[in-house]
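These are the residues of each chain, in order.
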Amino acid sequence: MISKKLILFLFLLAVVFGPSCTIAIAQEAPADVDTRWFHTGKIWIFLSVVLFSCAIIFSIYRARGGGDIFIRRIAGLEAVDEAIGRSTEMGRPILYILGLGQVGDVATIASMNILGQVARKTADYETPLRVPCNDPIVLNVVREMVKAAYLDEGRPDAYSEDDIFFVTESQFAYAAAVDGMMVREKPAAVFLQGTFYAESLILAETGNSVGAIQIAGSDSDSQLPFFITACDYTLIGEELYAASAYLSREPMLLGSLKGQDYGKFLIFAGIVLGVILELVGITWVSTFFKEV
Amino acid sequence: MGTLTDLITLLVDFVTSHAQILGIWVAAFFTLCIYSFLYRDNPFYRFAEHLFVGLSVGFGIVISIHQGLIPFAWDPFWEAVTKREFMGLLKLIPIAIGLLFFARLIPKYSWLIRYPIAILIGIGAGRAIPNVMDAFIFRQVHGTLTPFGKIHAGELGFFAIFGAILMLVGVICTLTYFFFSIEHRGVVGRISKVGIIFLMVGFGSAFGNTVMGRVSLLIQRVDFLLSDWLRLI
Amino acid sequence: MLEKLMSIDRRIVFILVAIAVIIPTLLNVRFPITVSQPTRSVYDFIDELPPDSTILMAFDYGPSSLAELEPMAAAVLRHCFSKNVRVIGMTLLNVGARLGDRVMSQTSAEMGAVDGEDYVFLGFRPGGISVILGMGTAIDSVFSADYRGKPLSEIPMMQDVKNYDHIALVLDLASSGTPSTWIAYINTKYKQQVAAGVTGVMVSELYPFIQSGQLVGLMPGLLGAAEYETLIDTPEKATAGMSVQSFVHLLIFVLVVVGNVAFFIQRRRAQ
Amino acid sequence: MRRQVPLILCFLFGIVMMLVEFSPHPVSEGLRAEVIEWDLIIGPFALVIGVVTLVHTHWIRIRRRVEHWQYSYLVFIGMIVMVAFGLPMGPKNGGNELPKWLEWFKWFKGPENEVFVWFFDNVQVPMEATMFSLLAFFIASASYRAFRARTLEATLLLAAAVIVMIGNAPIGDVLWNELSPVGENIPSTARQWILDNPNLSSRRGIILGVSLGVISQSIRIIFGIERSYLGGGD
Numbered sequence: 001m002i003s004k005k006l007i008l009f010l011f012l013l014a015v016v017f018g019p020s021c022t023i024a025i026a027q028e029a030p031a032d033v034d035t036r037w038f039h040t041g042k043i044w045i046f047l048s049v050v051l052f053s054c055a056i057i058f059s060i061y062r063a064r065g066g067g068d069i070f071i072r073r074i075a076g077l078e079a080v081d082e083a084i085g086r087s088t089e090m091g092r093p094i095l096y097i098l099g100l101g102q103v104g105d106v107a108t109i110a111s112m113n114i115l116g117q118v119a120r121k122t123a124d125y126e127t128p129l130r131v132p133c134n135d136p137i138v139l140n141v142v143r144e145m146v147k148a149a150y151l152d153e154g155r156p157d158a159y160s161e162d163d164i165f166f167v168t169e170s171q172f173a174y175a176a177a178v179d180g181m182m183v184r185e186k187p188a189a190v191f192l193q194g195t196f197y198a199e200s201l202i203l204a205e206t207g208n209s210v211g212a213i214q215i216a217g218s219d220s221d222s223q224l225p226f227f228i229t230a231c232d233y234t235l236i237g238e239e240l241y242a243a244s245a246y247l248s249r250e251p252m253l254l255g256s257l258k259g260q261d262y263g264k265f266l267i268f269a270g271i272v273l274g275v276i277l278e279l280v281g282i283t284w285v286s287t288f289f290k291e292v
Numbered sequence: 001m002g003t004l005t006d007l008i009t010l011l012v013d014f015v016t017s018h019a020q021i022l023g024i025w026v027a028a029f030f031t032l033c034i035y036s037f038l039y040r041d042n043p044f045y046r047f048a049e050h051l052f053v054g055l056s057v058g059f060g061i062v063i064s065i066h067q068g069l070i071p072f073a074w075d076p077f078w079e080a081v082t083k084r085e086f087m088g089l090l091k092l093i094p095i096a097i098g099l100l101f102f103a104r105l106i107p108k109y110s111w112l113i114r115y116p117i118a119i120l121i122g123i124g125a126g127r128a129i130p131n132v133m134d135a136f137i138f139r140q141v142h143g144t145l146t147p148f149g150k151i152h153a154g155e156l157g158f159f160a161i162f163g164a165i166l167m168l169v170g171v172i173c174t175l176t177y178f179f180f181s182i183e184h185r186g187v188v189g190r191i192s193k194v195g196i197i198f199l200m201v202g203f204g205s206a207f208g209n210t211v212m213g214r215v216s217l218l219i220q221r222v223d224f225l226l227s228d229w230l231r232l233i
Numbered sequence: 001m002l003e004k005l006m007s008i009d010r011r012i013v014f015i016l017v018a019i020a021v022i023i024p025t026l027l028n029v030r031f032p033i034t035v036s037q038p039t040r041s042v043y044d045f046i047d048e049l050p051p052d053s054t055i056l057m058a059f060d061y062g063p064s065s066l067a068e069l070e071p072m073a074a075a076v077l078r079h080c081f082s083k084n085v086r087v088i089g090m091t092l093l094n095v096g097a098r099l100g101d102r103v104m105s106q107t108s109a110e111m112g113a114v115d116g117e118d119y120v121f122l123g124f125r126p127g128g129i130s131v132i133l134g135m136g137t138a139i140d141s142v143f144s145a146d147y148r149g150k151p152l153s154e155i156p157m158m159q160d161v162k163n164y165d166h167i168a169l170v171l172d173l174a175s176s177g178t179p180s181t182w183i184a185y186i187n188t189k190y191k192q193q194v195a196a197g198v199t200g201v202m203v204s205e206l207y208p209f210i211q212s213g214q215l216v217g218l219m220p221g222l223l224g225a226a227e228y229e230t231l232i233d234t235p236e237k238a239t240a241g242m243s244v245q246s247f248v249h250l251l252i253f254v255l256v257v258v259g260n261v262a263f264f265i266q267r268r269r270a271q
Numbered sequence: 001m002r003r004q005v006p007l008i009l010c011f012l013f014g015i016v017m018m019l020v021e022f023s024p025h026p027v028s029e030g031l032r033a034e035v036i037e038w039d040l041i042i043g044p045f046a047l048v049i050g051v052v053t054l055v056h057t058h059w060i061r062i063r064r065r066v067e068h069w070q071y072s073y074l075v076f077i078g079m080i081v082m083v084a085f086g087l088p089m090g091p092k093n094g095g096n097e098l099p100k101w102l103e104w105f106k107w108f109k110g111p112e113n114e115v116f117v118w119f120f121d122n123v124q125v126p127m128e129a130t131m132f133s134l135l136a137f138f139i140a141s142a143s144y145r146a147f148r149a150r151t152l153e154a155t156l157l158l159a160a161a162v163i164v165m166i167g168n169a170p171i172g173d174v175l176w177n178e179l180s181p182v183g184e185n186i187p188s189t190a191r192q193w194i195l196d197n198p199n200l201s202s203r204r205g206i207i208l209g210v211s212l213g214v215i216s217q218s219i220r221i222i223f224g225i226e227r228s229y230l231g232g233g234d
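Residue numbers (our numbering), protein chains in the order written: chain A, 1 to 292; chain B, 1 to 233; chain C, 1 to 271; chain D, 1 to 234.
Just so you know, the hints here were simulated from the structure itself, not pulled from any lab data. It cannot be assumed that every hint is accurate.
Cβ-to-Cβ under 7 Å is the rule here; a few derived chain D residues that face chain C [unchecked claim]:
1) GLY43
2) SER143
3) ALA169
4) ILE171
5) ARG203
In silico lysine-lysine, BS3-like type, Cα no more than 27 Å apart, as pairs [what the hints assert, rightly or not]:
6) A:LYS42 / B:LYS150
7) C:LYS162 / A:LYS42
8) A:LYS290 / B:LYS150
Using N, Cα and C, we set each Cβ at its ideal position, and we do this for glycine too.
Pulled out of the complex, with its shape left as it was, chain A reads as follows:
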């Protein structure tokens, strides 16, 4: 048997040398070709990339090392307790909708993290938590997560697998089925977190008409207007990611959030400084950012 390492070595060799050989043979540079190895005009972009990479990686390592990373209060999240409390009082179920995203989408992962935290609370209060799913893979992951949450809270008996179920993978049929559920079961709280497309409006409108407290969150820009008008609280874009980092305390998420904030701060400083200098006629900053 050939050793695995040898296969690996040959494979990498092929991957690296394949392109280079072709190029070496294919290249015959005409005279007017740019032969610089580095485009000096792009040096600031390059340095910004390096700086930002360092900021991200540094923040992630710091978060992993147990460094405390502060995340601001997010309005929608405070309503989570209120929504769960109200459902418990009224004895009605909570409906959690993860959207149409796939398991790899950032928004779906964020949404699953939030669901995990919601499940911990419903486990304590024994409020039924209904999760209609649209993607069979998401379904399996969610079942595991919720089960683990109930177990952690010491209430494995309260977990019911039938409450987390597959509806259909097609957009409008899913919306219609969930609509029907809302009208029949009249949930006291509806969570709409994740990636949404055109069905967002159908879901949010029906949830609103049955009088549920609705907490939405999505990074799908074009659907946010519908959530904002029809829901009580809406996590806008990046707030959804921040919320999942806030609740899950996952170091990678916390760290990159912090690193991105450093980036935003630099942009912020660049704009403020740039505007002041532009107004007095110094164009350093705008030259720095200009097209190369």
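On the provided structure of chain A, position chains B, C and D as indicated by the hints.
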């Protein structure tokens, strides 16, 4: 046996010579099947919808093979073989890596699909970094600054200066709203409140334009039903 | 009374919408269109091109947004053909291939443009960003032949068009995020001028790129198509569509107002 | 082998693709062209995953007899029809020669693969177009039942939406010019102002934030910190 072939030929003849009118009726039928959903979910809608899913996947398969795999993988490979060019055979490496996607069918080796996925994701991530930094950060910041250079040069009128200041305020406040590692209290809190106002107006405009988009689709379908199908116009 | 008004069956609203579309369509109402600046910029750019320039049109839309983007494509093609601007068509979406081919061959037949000389349709290649970037090196490294299988080397108009250096403008007709992809990967690297015509849903998000000069102009959905039809003085489907649109917009406006008035009366009573 | 190699590959291709963007030297340009070609070759194979997943899901639905399982057969029928008619000839067949075994079939003799195009034009296109036009109805009903000026935010959003809607509709300008003594085309001007000013700055704020997010995600992927694309398992 002969009559069956005749019958088929006859049928095929009929259908080919009436393909267009038949197409309009079929299209109208499916249009109405889908509109029946407005009343409620029903077998007609489900029929149309499932057929649609299947057809679009089938369409995708045909197009990907004929316009992706054949020109990019098969043609160069075949050319290399027929012209006996050794270097052309290097194309076999990416083709082989692509074929690893079929490992998905064999549970024991399904982890092999991580190889092509990793390459695709790596390429995507690598080229995104410099381009996104340049196009969406550098150029956007530059766009925010340019009006102020014009103000200094005295090129802008009162209304344009007002617009430039409004833009600056909007960008800064919106950006502040998306800071997560600072508590939104005091000055920061107030700035981010203004940011929300800008965000809402922005979303409102998207809402208004979305209404236009969705209604346009309906208008086109109604136009199809009334003029192409029923010929009322 | 108020409760009843608030909780009417949504199907009644559906019927109202249907009426608001069907009746004006049958009556064939037309209103004049006011042209907005971003659309005019696209028009001016193409109008000022010297004859025999080449532009690239990307038909990055599927059947779901055909209604908004096909009239736009037709209007721009008419303008190009009448100005002797040559057009290369292509698409990044698999469903776009048939749609682009259809609108190009229909418009060229109307305008008497010749396939291979005045226009060429390259069709679809999977790969998205890599297709965009590959065309920067050489168009024929991605599209070896046109949609009908004719090698590019045999197409007259492609003889002096090798990559973006020979293309005056890339116009992306899009129903998804492709305009920002075109901006990020060719406006930045190849300094290629880019313009876009997009569905209503996407209009608002592209405005920052107009101000920063990364987009030459922007055509907003069916309205953009109607504006372009007004500019080239041939009112067609989009102008008719926008007139019908007016009635639905009025209906929705009335619905929002009635809904909110009822809501406020109810809330006041509750207090 | 199962995790390390993919991570190394991802790193190699990522870093190469990033660095060549900064280098105009012909060798880097050649390397870049080559990597792009690899992407173009490998990419289409990814189709396998989508098809396998879809077939698998519907196969399971049929086997388990879940509600409406019969409709899953339609998915297979649609797929098979398109593939059967499309695959032998492709979506077009201008210059291609007709394979012998297809010659008996008249439909393939036209300038295009007519059956394939017919199904696309008359079944797939109208269904997709209609599916999305349903939203015009839903948006109207939602406008009536859910779009309330409940909070300051919702009020601002609604006001902007209404101005843009009226400005978009040609009837807005027509009515204004008829009825109002002051100004001309005020609705469309107001709409344009909203798009050009507050809309622009809020979108720019979002773009800046989102772009940082994209870059940070890409960095995490290249350096192997973000591994979710590898899926579970070892």
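message = Let me make sure I understand: some of the numbered hints might not hold for this structure. Which ones are they, in numerical order?
response = Violated hints: none; all satisfied.
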